[in-house]
Amino acid sequence: EAQVTQNPRYLITVTGKKLTVTCSQNMNHEYMSWYRQDPGLGLRQIYYSMNVEVTDKGDVPEGYKVSRKEKRNFPLILESPSPNQTSLYFCASRAAGTGNRGYTFGSGTRLTVV
Amino acid sequence: GENVEQHPSTLSVQEGDSAVIKCTYSDSASNYFPWYKQELGKRPQLIIDIRSNVGEKKDQRIAVTLNKTAKHFSLHITETQPEDSAVYFCAASATSNAGGTSYGKLTFGQGTILTVHP
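Residue numbers (the numbering used here), protein chains in the order written: chain A, 1058 to 1171; chain B, 2 to 119.
I should point out that these hints are in silico values taken from the structure, not numbers from a laboratory. Built from N, CA and C at the ideal position, the CB exists for glycine as well. There's no promise every hint is true.
Claimed, not checked - Quick list of simulated restraints, FRET-style, between CB atoms:
#1 B:K43 with A:D1113: 24 to 30 angstroms
#2 A:R1158 with B:Q82: 21 to 27 angstroms
#3 B:H8 with A:V1071: 38 to 44 angstroms
To be verified - Capping the alpha-carbon separation at 20 angstroms, the derived lysine to aspartate or glutamate pairs in EDC-like fashion look like this:
#4 A:K1114 with A:E1087
#5 B:K69 with B:D50
#6 B:K59 with B:D18
#7 B:K38 with A:E1087
#8 A:K1126 with A:E1087
#9 B:K43 with A:E1058
#10 B:K43 with A:D1095
#11 B:K38 with B:D60
#12 A:K1114 with B:D18
Go ahead and model the full structure; you've got the sequences and the hints to work with.
If you want it as structure tokens, here you go:
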């Protein structure tokens, strides 16, 4: 089954404790992206990647890191989480090319930083 | 960068009525406009999309229109049903690297909470 898999689904952590949210897709998509969703603000793009070793900042990259060492994986790293990073996070992927459609989303990771 | 504005933020209709959600975008290089539906506790799911070479697209009860000159696009849902109740997001993207626009970006509107009353 074609899918984007995120882990964990839920995470509660303390301020300053480094964490990684994993994302993997099995569709051989070139593009991958991370979004955060907050009430009233919609979905805001954190980082995206157009292929292996090619990443770029989205609209809200501060406090986050990403890496794209393999085509299928795109982990999101919070080096020193803060309470304002409490949010619902979605990973997404899409194929490159003008004829291809929008992002397919993972199931989400609800992160709480206390 | 791209800015997408979506209105209204909430929309309440009676079952069987039509619902219209409108979005405007700022970047003239944007050429791909998807709409997503997000049910409570679920992931956003693509329901329809339109590219800049078309003015309208229909899929059963849903349709999307695009006015490139005015930089706005709209989602139309006819004969609404309670199961249409959800949050709807519009988005805009450039799918080619025209004018230096980064085509990995997909910018979303703020979302519209649609409630269909039986």
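Structure-based check of each hint:
1. B:K43 with A:D1113: 24 to 30 angstroms: Check passed, 28 angstroms falls within 24 to 30 angstroms.
2. A:R1158 with B:Q82: 21 to 27 angstroms: holds, 25 angstroms
3. B:H8 with A:V1071: 38 to 44 angstroms: holds, 39 angstroms
4. A:K1114 with A:E1087: holds, 16 angstroms
5. B:K69 with B:D50: holds, 14 angstroms
6. B:K59 with B:D18: holds, 17 angstroms
7. B:K38 with A:E1087: Measuring from Cα to Cα gives roughly 24 angstroms; hence the hint is violated.
8. A:K1126 with A:E1087: Status holds; Cα separation ~12 angstroms.
9. B:K43 with A:E1058: Distance ~18 angstroms between K43 (chain B) and E1058 (chain A) Cα, so the pair holds.
10. B:K43 with A:D1095: holds, 14 angstroms
11. B:K38 with B:D60: Holds, at roughly 14 angstroms.
12. A:K1114 with B:D18: violated, 41 angstroms
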